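> Here's the letter readout for the chains.
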Amino acid sequence: MHETTYHRASSVDEAATLYAKGSEARYLAGGHTLLPVMKQRLASPSDLIDIAKIKDLVGIEATGDTLTIKAATPYFDIATSATVKSAIPALAYLISLVGDPAVRHRGTIGGSIANNDPAADSPAALLALDATVKTNKRSIKAGDFFKGLFTTALDDGELITAVSFPIPAKAAYAKFPHPASRFALTGVFVAKTKTGDVRVAVTGASQGGVMRMPAIEAALKANWSASAIDGVTVSDQGLMDDLHGTSAYRANLIKVMAQRAVTAAG
Amino acid sequence: MSVEGIGASVVRKEDKRFITGKGRYVDDVRIHGMTYAAFVRSPHAHAKVKRIDPSEALKMPGVVAVLNGQQLADDKVGNLICGWMIHSKDGSPMKMGAWPAMAPETVRFVGQAVAVVLAESRNQARDAADAVVVDYEELPVVADVRAAIAPGAPQLHPEAPGNIIYDWVIGDEAATDAAIKSAAHLVSIDLINNRLVPNAMEPRAAVADYDAAEDHYTLYTTSQNPHVARLVLSAFYNIAPEHKLRVIAPDVGGGFGSKIYIYPEEMVALWASKKIQRPVKWTADRTESFLTDAHGRDHITHAQMAFDKDHKIVGLKVKTHANLGAYMSLFSSSVPTYLYATLLSGQYVIPNIHAEVISVYTNTTPVDAYRGAGRPEASFLVERLMETAARQLKVNPAELRRKNFITQFPYQTPVIMAYDVGDFNASLDAAKKAIDYDGFPARKAKAKQEGKLRGIGLSCYIEACGIAPSKAVGSLGAGVGLWESAEVRVNPVGTIEILTGSHSHGQGHETTFAQVVADRLGISIGQVAIVHGDTDKVQFGMGTYGSRSGPVGLTAIVKAMEKVEAKAKKIAAHQLEASEGDIVIEDGQFKVAGTDKAIALPMVALAAYTAHNLPDGMEPGLKESAFYDPTNFTFPAGTHICEVEVDPNTGKTTFINFVAADDFGRMINPMIVEGQVHGGLAQGIGQALLEGTVYDDNGQLVTASFMDYTMPRADDLPSFNVSHTTTLCPGNPLGIKGCGEAGAIGSSAAVINAITDAIGNDNLVMPATPVRVWNAVHAKQAAE
Ligand SMILES: Cc1cc2nc3c(=O)[nH]c(=O)nc-3n(C[C@H](O)[C@H](O)[C@H](O)COP(=O)(O)OP(=O)(O)OC[C@H]3O[C@@H](n4cnc5c(N)ncnc54)[C@H](O)[C@@H]3O)c2cc1C
Chain A
6 MHETTYHRAS SVDEAATLYA KGSEARYLAG GHTLLPVMKQ RLASPSDLID
56 IAKIKDLVGI EATGDTLTIK AATPYFDIAT SATVKSAIPA LAYLISLVGD
106 PAVRHRGTIG GSIANNDPAA DSPAALLALD ATVKTNKRSI KAGDFFKGLF
156 TTALDDGELI TAVSFPIPAK AAYAKFPHPA SRFALTGVFV AKTKTGDVRV
206 AVTGASQGGV MRMPAIEAAL KANWSASAID GVTVSDQGLM DDLHGTSAYR
256 ANLIKVMAQR AVTAAG
Chain B
2 MSVEGIGASV VRKEDKRFIT GKGRYVDDVR IHGMTYAAFV RSPHAHAKVK
52 RIDPSEALKM PGVVAVLNGQ QLADDKVGNL ICGWMIHSKD GSPMKMGAWP
102 AMAPETVRFV GQAVAVVLAE SRNQARDAAD AVVVDYEELP VVADVRAAIA
152 PGAPQLHPEA PGNIIYDWVI GDEAATDAAI KSAAHLVSID LINNRLVPNA
202 MEPRAAVADY DAAEDHYTLY TTSQNPHVAR LVLSAFYNIA PEHKLRVIAP
252 DVGGGFGSKI YIYPEEMVAL WASKKIQRPV KWTADRTESF LTDAHGRDHI
302 THAQMAFDKD HKIVGLKVKT HANLGAYMSL FSSSVPTYLY ATLLSGQYVI
352 PNIHAEVISV YTNTTPVDAY RGAGRPEASF LVERLMETAA RQLKVNPAEL
402 RRKNFITQFP YQTPVIMAYD VGDFNASLDA AKKAIDYDGF PARKAKAKQE
452 GKLRGIGLSC YIEACGIAPS KAVGSLGAGV GLWESAEVRV NPVGTIEILT
502 GSHSHGQGHE TTFAQVVADR LGISIGQVAI VHGDTDKVQF GMGTYGSRSG
552 PVGLTAIVKA MEKVEAKAKK IAAHQLEASE GDIVIEDGQF KVAGTDKAIA
602 LPMVALAAYT AHNLPDGMEP GLKESAFYDP TNFTFPAGTH ICEVEVDPNT
652 GKTTFINFVA ADDFGRMINP MIVEGQVHGG LAQGIGQALL EGTVYDDNGQ
702 LVTASFMDYT MPRADDLPSF NVSHTTTLCP GNPLGIKGCG EAGAIGSSAA
752 VINAITDAIG NDNLVMPATP VRVWNAVHAK QAAE
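As they're listed, the protein sequences go chains A and B.
Per this note's numbering, the first sequence starts with residue 6, numbered consecutively.
Per this note's numbering, the second sequence starts with residue 2, numbered consecutively.
It is possible that some hints are incorrect.
Stated by the list, open to error - Some chain A residues judged to face chain B by a derived CB distance under 10 angstroms, without partners named: (1) T137; (2) N141; (3) K142; (4) S144; (5) K146; (6) G148; (7) P184; (8) A185; (9) M262.
Stated by the list, open to error - When the alpha-carbon atoms are kept at most 25 angstroms apart in a straight line, the in silico DMTMM-like pairs for lysine to aspartate or glutamate are as follows: (10) B/K453 to A/D235; (11) A/K44 to B/E121; (12) A/K44 to B/D709; (13) B/K653 to A/D82; (14) B/K653 to A/D161; (15) B/K781 to A/D241; (16) B/K781 to A/D18; (17) A/K44 to B/E57.
Don't read these hints as lab results, they were simulated from the structure.
If you're wondering where the values come from, they're calculated on a predicted model, not measured in any experiment.
Just so it is clear, CB atoms sit at the ideal spot from N, CA and C, and this is done for glycine as well.
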């Protein structure tokens, strides 16, 4: 690891100020993406601004039709939260599949979406549930937030403060883990909103990162059942092709995982 | 049997320090004034080193020195060696290219060291290593065995035309060809035995400390055989004569073979420590482990097995290409030859066997012994052939094996090995019973109704351990003898220290070795300490690999104990005024048989050291040593059966059951044996399902981290059903065969046999990842 200066911020404003002062600063939340990259010497921030202890950035609340999870809330808290489990059990389940217990006790949903790894789990939930990303400057719809591999709509220094999820009528996530990394080789999140709209998001499969599947959405909107997807053709165009999954295999997994998710959602 | 003696599942003495974080590993060693080494490594798989410019690095904070391969050569430090001579079929010796510890001219695999930076801290050394400028002229790369032997392939070493190291044969080719020609049935197979990265939990490390006052070196290193390391460093690498070099291998966190060898980094650390007159520490990071620890396996094989009309095997012909990587590692030459082809008879009567092995250089990390070393490759081949034969002959796979089992012992195979004892029917029966083999068709039918593909696969393996009779291996080309030594020191108060040349790096010797001693004397294991891993304490030893510590290392201890006991009995008899022949040892007492006269071990020991009242002419003291050279290999064998379910929609394999019925001869501590089996099975299953090592055409290791290389994790594995059938090994007094590698040797074939049974397609390459299984399922469906 290269040398760096560590700061612990106690408020969102202080974090932003510290960030602006550093020549090449980075926010540090759970550190489960950033620190491994630094250890491999692939990133060398001048300053690390630790946001994990900022009180305003940790917590979960549900009000009426919305579940809000603050950005620096660790996965473990989300997966075990009674509020999340009753509002959107599929989200609690998705989070319980991230990494291992050590990762879940440290890693955060804010860090995950800021990083936007094309195989990360959380982006699928945000996109399918039509969530809103709140930052210290604005609100961004999930559909506008994810911009391809490791890229988001965040400006330099912009800090995610929370994610708010409209509570769906039904939702489920089905993940086929990458054998080595256990990220999603392909993960599919299906959601049916209270107004009857259907959104399906796929992670791990596309070369462009998390994406929606309009063909499956249409099929499910017409008939919310696993068999409705039987007739859908999923093209392997633009899908990732690597050691652990050809693009044809991923195309197959999109269908199979979507069907499993629909069955699980009931 | 006492409660802590032979056969007792005593909790491991060493575990307290390991699981409370109190183990002392090489990286825990800190010496005043210590510097840190970071290697500058080649990013290219094949290139000329045109220029190494350390000037920027030398200006950086904390940097003490930057050293390179030319300086090593100038100091006449020797090249790395391969210690086992193999001759090609034309009689010519193997073609070995030079392997300098840091490359002065040419690099031949990604990660090969070209220079080393020494600095005050690890990070300073790493930063400076990044700043060393190396100009390379890239050369054409060949990472694949078949490409390497093709005409016009890039040439790695001028010594080895066509990249061929040797073309070696064993067995009677004419007789085998004749058997195949006249056979009623012929079964052919093409297999890849996939390359594996050992991934010991503790990466390699070295702390080298040159003492100018004494002109003496100390090396703390992650070694499975510190005495062999000292011998090689001294006799071949010219670092220092043996009496000026102490090698200590303290707690070592796993080796699996990868820590047998003497690597460039450890010897550079020693040499550098004298050059800069400061201690030097180097600890590999995980990427360096992936790139530079000797890999395992990597065979491509074509084989034919011939059967007569009654389904008896009449011949086996094998041709294997073995990838040894860019350089010949210490024992690399022996692994695909004498540790592989000599086991091709498996558990079967095969009257004619012929094998040809062509070992090849490629621009990849060197390959050497890895848990099982050659024997997993042999067992995988024979057991894939048996299963395939049963399918083609449409007979029950268990019965085809049974029909061909060797049942008369000793049995001389056509490929050198003489099996001493075994009962292959017993382990087959035990495994079949444990998995309810006869109930399988019903289970398969039920799974089919649920849309799942069920399969069952057998593997009846045999292997050779306890390496090895020195004279025999000498005649086959080994550069060393493979005996073991032991010294028993009884202290004046009756506690005992056992000095052994075996080295424990996870095997539990501190417990099992103490159990054998405790058992003989009727004392507790708490009174026995095991000393190992330090060339200043233990005079010499050959170390631990090839499941040799039980059959060879423990036997040396028994031989030394016999001498100690004989002398102690003389002292006891003298003290008790009895006849030596009447003395028996029980419960820590030397008793006069049939009387109540007795003297306790501490009093005997004290008498030996006070020497006030010893028999006339007896030397004081109670300490004996022994060197034990085995008379034969030992032959652990058994049956593994695996039952799996495949999800045709995703290609995912789920274990239903995995049973291992093994014959290891006598077990000292069944719990530790079971642990060894579990670990071995995890590695064998890892090879079959998970672990794939992939190089691209540029010789870059694509799977150089745990993000891409799938190490087996607990939830990848079934709950193992392990049992034993026992025939005692006649070759050593304890009847031990060895258990360290069997799990890794037998299990891969059982897994692949099960999956191919489930999907009805034999065309499946290891590791059988979900995508590969899914493709195989679809290929089958397309064919139908
Ligand atoms: C062994 C292992 C297994 C894993 N398995 C999975 C898995 O199965 N599925 C999965 O989805 N992920 C997995 N991960 C990744 C894990 O989810 C990470 O923790 C997560 O991606 C990043 O969250 P973090 O809080 O650790 O972020 P950090 O590493 O602290 O930060 C990541 C990036 O986000 C930025 N950042 C952090 N918080 C904010 C914020 N509030 N606003 C703006 N920018 C911010 C940081 O500056 C940094 O650039 C795994 C990680 C490991 C180490």
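> Which hints from the list above does the structure break, by number from lowest to highest?
Structure breaks hints 1, 2, 3, 4, 5, 6, 13, 14, 16.
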